[in-house]
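J.: Okay, here's what each chain looks like letter by letter:
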Amino acid sequence: MCRNILNYNSFRRRIAYWVATVGLIGGYAVLYGATWTGGNQLHTVMEVTATTLAAVVGVMALTRYYSQKDTIVLIVGVGFIGAACLDGYHAIVTSQFFAPYLPSDLPMLIPWSWIASRQFLGIMMCLSWVAVCRDLRTDAGEVNIDRRRRERLTYLLAFTLTIASFAFFAFAPLPRAYFPELFFHRPEEFVPALFFLVALVGFLRTGGWRRSVFEHWLILSLIVDLFGQVAVMSLSSRLFDFEFDVAHLLKIVSYICVLTGLLLNLRAIFKQATAAQNASAQNEQRLRAVFASVADGIITINSKGVVQSINTSAEMQFGYDAGAVIGQNVKMLMLDEHAENHDHDIANYKKTGASSIVGARRDLMGLRKNGSVFPLDLIISEMNIGGERMFAGVIRDTTAAKEAEQKTIRTQNALRRHRDAALRIAKELKRSNAELEQFASVAAHDLQEPLRKVQAFGDRLETKYADKLDERGLDYLTRMQDAAARMQTLISDLLSFSRVASKADPFVSVDLNALARGVLSDLEVSIEECNAQIDIQELPKIDGDPRQLRQVFQNIIGNSLKYRREKIAPKIKITGKIRIEEIAQGQPSQDQTASDLSETPKQICEITVVDNGIGFENEYAEKIFGIFQRLHGRTQYDGTGIGLAICRKIAERHGGTVTATALSGKGASFTITLPVTHNAEQTEYGENSYEAGW
Amino acid sequence: MKLDGKNINILIADDDPDDRLLIEECLREARVSNNITFVEDGVELMDYLYRRGKYSDRSDAFMPGLILLDLNMPRKDGREALKEIRADENLRRIPVIALTTSKEEVDIFRTYDLGVSSYITKPVSFDEFVKTLNTVSEYWLQIVHLPKS
Numbered sequence: 004m005c006r007n008i009l010n011y012n013s014f015r016r017r018i019a020y021w022v023a024t025v026g027l028i029g030g031y032a033v034l035y036g037a038t039w040t041g042g043n044q045l046h047t048v049m050e051v052t053a054t055t056l057a058a059v060v061g062v063m064a065l066t067r068y069y070s071q072k073d074t075i076v077l078i079v080g081v082g083f084i085g086a087a088c089l090d091g092y093h094a095i096v097t098s099q100f101f102a103p104y105l106p107s108d109l110p111m112l113i114p115w116s117w118i119a120s121r122q123f124l125g126i127m128m129c130l131s132w133v134a135v136c137r138d139l140r141t142d143a144g145e146v147n148i149d150r151r152r153r154e155r156l157t158y159l160l161a162f163t164l165t166i167a168s169f170a171f172f173a174f175a176p177l178p179r180a181y182f183p184e185l186f187f188h189r190p191e192e193f194v195p196a197l198f199f200l201v202a203l204v205g206f207l208r209t210g211g212w213r214r215s216v217f218e219h220w221l222i223l224s225l226i227v228d229l230f231g232q233v234a235v236m237s238l239s240s241r242l243f244d245f246e247f248d249v250a251h252l253l254k255i256v257s258y259i260c261v262l263t264g265l266l267l268n269l270r271a272i273f274k275q276a277t278a279a280q281n282a283s284a285q286n287e288q289r290l291r292a293v294f295a296s297v298a299d300g301i302i303t304i305n306s307k308g309v310v311q312s313i314n315t316s317a318e319m320q321f322g323y324d325a326g327a328v329i330g331q332n333v334k335m336l337m338l339d340e341h342a343e344n345h346d347h348d349i350a351n352y353k354k355t356g357a358s359s360i361v362g363a364r365r366d367l368m369g370l371r372k373n374g375s376v377f378p379l380d381l382i383i384s385e386m387n388i389g390g391e392r393m394f395a396g397v398i399r400d401t402t403a404a405k406e407a408e409q410k411t412i413r414t415q416n417a418l419r420r421h422r423d424a425a426l427r428i429a430k431e432l433k434r435s436n437a438e439l440e441q442f443a444s445v446a447a448h449d450l451q452e453p454l455r456k457v458q459a460f461g462d463r464l465e466t467k468y469a470d471k472l473d474e475r476g477l478d479y480l481t482r483m484q485d486a487a488a489r490m491q492t493l494i495s496d497l498l499s500f501s502r503v504a505s506k507a508d509p510f511v512s513v514d515l516n517a518l519a520r521g522v523l524s525d526l527e528v529s530i531e532e533c534n535a536q537i538d539i540q541e542l543p544k545i546d547g548d549p550r551q552l553r554q555v556f557q558n559i560i561g562n563s564l565k566y567r568r569e570k571i572a573p574k575i576k577i578t579g580k581i582r583i584e585e586i587a588q589g590q591p592s593q594d595q596t597a598s599d600l601s602e603t604p605k606q607i608c609e610i611t612v613v614d615n616g617i618g619f620e621n622e623y624a625e626k627i628f629g630i631f632q633r634l635h636g637r638t639q640y641d642g643t644g645i646g647l648a649i650c651r652k653i654a655e656r657h658g659g660t661v662t663a664t665a666l667s668g669k670g671a672s673f674t675i676t677l678p679v680t681h682n683a684e685q686t687e688y689g690e691n692s693y694e695a696g697w
Numbered sequence: 008m009k010l011d012g013k014n015i016n017i018l019i020a021d022d023d024p025d026d027r028l029l030i031e032e033c034l035r036e037a038r039v040s041n042n043i044t045f046v047e048d049g050v051e052l053m054d055y056l057y058r059r060g061k062y063s064d065r066s067d068a069f070m071p072g073l074i075l076l077d078l079n080m081p082r083k084d085g086r087e088a089l090k091e092i093r094a095d096e097n098l099r100r101i102p103v104i105a106l107t108t109s110k111e112e113v114d115i116f117r118t119y120d121l122g123v124s125s126y127i128t129k130p131v132s133f134d135e136f137v138k139t140l141n142t143v144s145e146y147w148l149q150i151v152h153l154p155k156s
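Chains as they are written, first to last, in the numbering used here: chain R, 4 to 697; chain W, 8 to 156.
No wet-lab data here; the hints were simulated from the structure.
One or more of the hints may lead you astray.
What the hints assert, rightly or not - DSBU-like cross-link-like pairs, simulated, lysine-lysine; straight-line CA separation at most 35 Å:
| no. | chain 1 | residue 1 | chain 2 | residue 2 |
| --- | --- | --- | --- | --- |
| 1 | R | K467 | W | K90 |
| 2 | W | K110 | R | K544 |
| 3 | R | K433 | W | K110 |
| 4 | R | K307 | R | K353 |
| 5 | R | K565 | W | K138 |
| 6 | R | K456 | W | K138 |
Claimed, not checked - What follows is a set of in silico ranges between Cβ atoms, one per label pair, in the way DEER data are often shown:
| no. | chain 1 | residue 1 | chain 2 | residue 2 | range |
| --- | --- | --- | --- | --- | --- |
| 7 | W | F116 | R | K433 | 26 to 32 Å |
| 8 | R | L634 | W | T128 | 30 to 36 Å |
| 9 | R | D449 | W | E135 | 48 to 54 Å |
| 10 | W | R59 | R | Y468 | 56 to 62 Å |
| 11 | W | S40 | R | E452 | 26 to 32 Å |
| 12 | W | R38 | R | L634 | 23 to 29 Å |
| 13 | W | P24 | R | R550 | 37 to 43 Å |
| 14 | R | R550 | W | N141 | 31 to 37 Å |
| 15 | W | S40 | R | D525 | 40 to 46 Å |
| 16 | W | N97 | R | R550 | 52 to 58 Å |
| 17 | W | E135 | R | Y468 | 15 to 21 Å |
| 18 | W | F116 | R | R427 | 35 to 41 Å |
As the list claims (entries may be wrong) - A few chain R positions that, by computed beta-carbon distances, are all more than 12 Å from chain W:
| no. | residue |
| --- | --- |
| 19 | V48 |
| 20 | T263 |
| 21 | N286 |
| 22 | L454 |
| 23 | L464 |
| 24 | K580 |
Note that the structure is predicted; figures quoted are calculated from it, not measured.
Virtual Cβ for every residue (Gly too), placed ideally from N, Cα, C.
Bound conformation, chain W alone (with noise of 0.2 Å):
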């Protein structure tokens, strides 16, 4: 199991550049030890998932297991890209996660009628924002039992 959860890849969509070094620090903090994978917007994501553009000659070794979906990117936004993601039958199994800063009720409702795994509002702390990802990482790495892709 544990071995499993080890060769998942982590993709992480995010458009904020802070974000992305706080989110990678706290995962490492979480001794996280999984492939990581940084994409900037909606479209990257898209382009990663397709193995299209700069994604083209991505091998299906990195295809990933779990996506982190911050929801307000520019181009194309989280909740447009998990329609999609849930749209296409090959994609739709892999568990996405969305992190976020918006508390509003409307935008929980939304994602989880969109089909997202899991709705995690970033936490104000690092020291939180660590436990959360430490928790996140447990849980789906560790505990739960994913499809094989």
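Okay, chain R solo, but in the shape it has when bound (with noise of 0.2 Å):
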């Protein structure tokens, strides 16, 4: 980007150069042969203008030097000084007044000191050249320590160079300086040009004015002074004819070109001044929003702690407001034994220079206006602005932090209290589970006992004395009979349910299908009574107890036939499936931990059995599953409400489910949900006993 633009402006000048040659050649060219002629007036006009602009270019260049320095600029603004006393002098001696008083004529005065002039700006456009060639050559180091030096010696060659010239006009008697007999008339004019040939040349080749708009007008200067030099004064037959006019034009046309360059120069100068300072503006701005804005309170104080700025963060955190803290020591915002502790630290910093606080970060407390404290964060770090060491400490209040610390300490441990409690009652559930089954396994063997015995004198009472009792008392007898024999029946069904738990096999690989037939083989005698259709379809084979899962089965399939409608067949159909179980309405038996319910989703075989018999209000879904619950009376069906509630903690024991829906038609449909497999661990495995009649 920066070489296209550099390339650009190096193509574009390099055609204003060419321009300007073809320009003053043609130019010249035109008007070449014009007899037209000034006189002694015109004259002293022309070198006083060209006295003042060589005034202004020399003053506005040393100016710009001594704010920029720059030795091109040092020696261009002391030759044009320097041009400007000669071109006053020579503006002078032209106008007559001074005549009798030099020991020269006019007519060789005017072209002398003109020549004096250019003699001396070509010199210093040379010398500036040459100076221009050392620095290229030299570090920048070694050019700052030279400039002193070189300063001195540009003002006393020049003051001089210039003192040589009026001495030498003031004293020495003037050769002719025009030659009719030459083709050049004036050919001393050619001196001064070799002097501008070579600083052109030179400055063309250091290249200076692709980069710098100052040498780039340097150089159309120079091509003019050339030009004006080499094909305009020396051509110059007398004073005041037409080249004679035309050269003074063209000298100044040359100082306009100098002028021109240092204003543009200046322009560029304070153009990148203007950008600098508006950056840095704006990057002082954005530093205070970012002082103003960040949520972290920031304090700079000086080497003696005295508080230099506080931001408004710190202002809120500490209540204070900027104007009652700056100038203050920084002690005041803290607790008297922190602020020992800063004296002590900020001294030893100073001396040893190692600290134990700048860098690092500390837990302090800090001293509000209103006297409370808070804690905070504190990070120090040193600065040197302007040679003088300062501290910016960088504060966070961490009262939310500490806060958000104990709330979540607390709810860590509320969490722990709870699932501890959790885990408690879970144990205490278990263990009162299995309290009760122990109770029902003792009651009923305890019950059974006395029971026997009322029957058993009950037997020897009908047996011995039924004919000492009269009907009423033998009713009683009866019926005392019949309740204990339900008591009995109820007694040993209790067993039975407690047993399911007590009384559990391991589980091992049961064929769903051999189980199933095993138990319509048991129910033959009940089939066949009732003419009942049994269809079992394929069923898959699954881990269990085969004992319970055959009860299960035995239980259902009796229920079916049991509850059948009277006059109908009973059909009854035994499907099953194996589906993926969604984990979300996974239930967890009572023997599950917490640990299984996280497990993989697991396999699950779902039986389905389907009757069409009296079936149930919906209502009563739940319920039938309960401890001897029944929907009919004791006349109707016979039977204590066992056989559901144990096939219910069968198929828990095992990790699944038993529902039942009472069909939209008439009969019942139960679902047995099992886990195709279990792990070890899950099963649960009861006294290794077996016992007969279940």
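Taking the hints as your guide, dock the two standalone chains into a single complex.
T.: Take a look at the structure:
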């Protein structure tokens, strides 16, 4: 990008040089041979103008030099100051006012004083080129050291040359200036032209014009100077002729070129400065905005601990206005014990340069205006601003963080307590469940004993003393015996129920097809009795306690047979399928621990038994699984209502469920879900014992 | 044979007085005329067999030829008594019949392991009890040959 602009500039400037050269030559060729003649007065006006311009250029260049040191500008500036003096002298002598006091005649004095000015400027131009070349060869550092000397040298040289010129004109008689016998009437003009040529070629070769607008215009001015000297003034055949006036005009043009270069250079510098200023203003604004809006408090102090600045966040943190803090010692924001440490730390740091505080993060307590304290996190960094050592402290109010930390800890504790409580309750439940089962078992055993006596002595009464009782007495006795028999059934059912857990077998692989067929053969008599049709579809193979699973099938099929509709042959259909458990609906049995819930989806075997029996009201769908829950009177259907409760308990022991649905027509549907496989730890082993006549 | 059987003393160990009464009545109904003695627990049973304590003056004639043993008794239960009987050279040939309410398979296995001669569960109804004891007494007192003590 930069290089592109440079190339573009370079091209444009090169064109400008050609245009200037061709323009001058062309213009001069058109006007060549003109016989227009000016006069002494015109000459004086032009020289006064030139003098003024040279002075302006010189002063501006020197001013510019002292704001931004640049050797070329210095030499050019000094050169123009000198040129202004000589031009001024030249202007004055041509005015004929001083003619009597000078040793030479005016026709000689005018061209030679012209030459003196030109010659002086030519030498200065060459010198500036030499200086540029030297600058290019030396390091920037050396240039700086050398500057003073160079300035002095330049002034001295310029002064000497100027004085020498004056002195020469004042005391030496001058030779003739016009040589009409030659083609170039004023061959002496080639001497300054040579210097201009050297300077022009030199500047073009060092290439500064590509970058610097000042050097660019300097080259343009040199082209004009050279042309003026070589092609115009040298051809002047007498004072005030056309060539003489054009040459003077060209000198003014060349001065204007240098002035333009200077002005453009100043403009560029000004623009740069403005941009830099804008950038730095923006930068500062940005920093200020950050300083003001940053959530952390920032306080800067000097090496004595006096607050230099405090941002809005820190004002809010401490409850002070900036005005109340700035200029005060920072200790006002600290608790006393911290303040002492602070003094010590700062003193120590200043002495040894080693610090326990700079760069380190510290937990401290801040002191608010209202006297309250708050926890803060402080990071101190050191700065060096304008040679003064300063410290910046970044302060973060950690009240919220500390509270959040506390809250997290509290929450975690609460969670832990809840979990512990839940585990305790689960353990408690399991224990009380086990106790209940044990109670059922023990109670059933112990109840059985006196009941047996009631029945036995009832029997004795009936056998031995029936003839001694009247009809009513016998009725009482019969009722008593019936009740005892019923209680006997209840107790043995209760025992069966409690044995689901206490008399369980380990899980093995069970073929449900074979198991169901076995149940059907057990129920053969009642099946034939009621002419039932039982359709068993292909059933899966699962892990389970075969004796208990058989019990489930037996109870449910038995129920379907028992609760058949009158005069309608029972139709029972048993189907089975395997599906993947949806985790969300997983119903953990009481025996499962929490860890089982997080396991991968399990395969679930779902067995459905559908009958065409009397069914039930759907509102009882859950109740029928309760222990000793019955929907019919004893006289209608016998049984205690333990069958389905046992089924559910067995299913739950297997980690499954049993549910019932009344069908919209007549009948009921029982659905048993059981996990297909079991992990070893999920299996609950009962006492490894068998009991006949389940 | 029958005469032999009639001379056999029957010793019954049962802690429950109701059961003792019922067993006695059952045996009477079953027309068992043998001499019947009751003890109330395992300790008394062993005292009787070893002629200790209050049975120290028991005559040889009352040595039991058949023992009906309840398994669940205070102080010393039937299993312990059975173990001691089977461990004693002089007593080990006496047939011991477990007569209990327990239908637990574990009890049945364990009792046979201890060397019980028969394991009988007390039936619920009296009539059946009578029938059972009738069969038992017929079998043990009339059919089988028992070693002479």
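J.: State for each hint whether it applies.
T.: Checked hints:
At most 35 Å may separate the alpha-carbon atoms for a hinted pair to count; K467 (chain R) and K90 (chain W) exceed this at roughly 39 Å. Between K110 (chain W) and K544 (chain R) the CA atoms are separated by roughly 33 Å; this keeps the pair inside 35 Å, and the hint holds. Annotation: proposed proximity of K433 (chain R) to K110 (chain W) holds, straight-line Cα distance about 28 Å (limit 35 Å). A threshold of 35 Å between alpha carbons decides the hint, and for K307 (chain R) with K353 (chain R) the separation of about 10 Å falls inside it, so the pair holds.
A distance of roughly 33 Å separates the Cα atoms of K565 (chain R) and K138 (chain W); the hinted pair therefore holds under the 35 Å criterion. For the proposed pair K456 (chain R) and K138 (chain W), the alpha carbon gap of about 17 Å is at most 35 Å, so the pair holds. The hinted window of 26 to 32 Å between F116 (chain W) and K433 (chain R) holds, with their beta carbons roughly 30 Å apart. L634 (chain R) and T128 (chain W) have their C-beta atoms about 34 Å apart, which keeps the hinted 30 to 36 Å range intact.
For the hinted restraint 48 to 54 Å between D449 (chain R) and E135 (chain W), the CB-CB distance of approximately 22 Å leaves it violated. Remark: the range hint 56 to 62 Å for R59 (chain W) to Y468 (chain R) is contradicted by a beta-carbon distance near 42 Å. Between S40 (chain W) and E452 (chain R) the beta carbons are some 30 Å apart, a value that agrees with the proposed interval 26 to 32 Å. The given range of 23 to 29 Å is broken by R38 (chain W) and L634 (chain R), whose C-beta atoms sit roughly 50 Å from each other.
As the Cβ distance of P24 (chain W) to R550 (chain R) is approximately 38 Å, the hint placing it in 37 to 43 Å holds. In this structure the hint that R550 (chain R) and N141 (chain W) lie 31 to 37 Å apart at CB holds, the actual value being about 35 Å. Distance hint for S40 (chain W) and D525 (chain R): a CB-CB separation of about 45 Å, consistent with the stated range 40 to 46 Å. With their beta carbons about 44 Å apart, N97 (chain W) and R550 (chain R) fall outside the hinted range of 52 to 58 Å.
A hinted range of 15 to 21 Å holds for the C-beta pair E135 (chain W) and Y468 (chain R), which are about 20 Å apart. In this structure, F116 (chain W) and R427 (chain R) meet the distance hint of 35 to 41 Å, their C-beta atoms being roughly 39 Å apart. Every C-beta of chain W lies more than 12 Å from that of V48 (chain R), the closest at about 145 Å, which supports listing it as non-interface. For T263 (chain R), the requirement that its beta carbon stay farther than 12 Å from each beta carbon of chain W is met, with the minimum near 124 Å.
Against chain W, the non-interface label of N286 (chain R) holds: every CB pair exceeds 12 Å, the least being about 94 Å. A beta-carbon of chain W comes within 12 Å of the beta-carbon of L454 (chain R); the shortest separation is about 8 Å. The beta carbon of L464 (chain R) sits about 10 Å from the closest Cβ of chain W, which is not more than 12 Å, so the claim that it is off the interface is violated. The non-interface label for K580 (chain R) is consistent with chain W: the shortest C-beta to C-beta separation is roughly 36 Å, beyond 12 Å.
Checked against the numbered hints given earlier, this structure breaks hints 1, 9, 10, 12, 16, 22 and 23; the rest are met.
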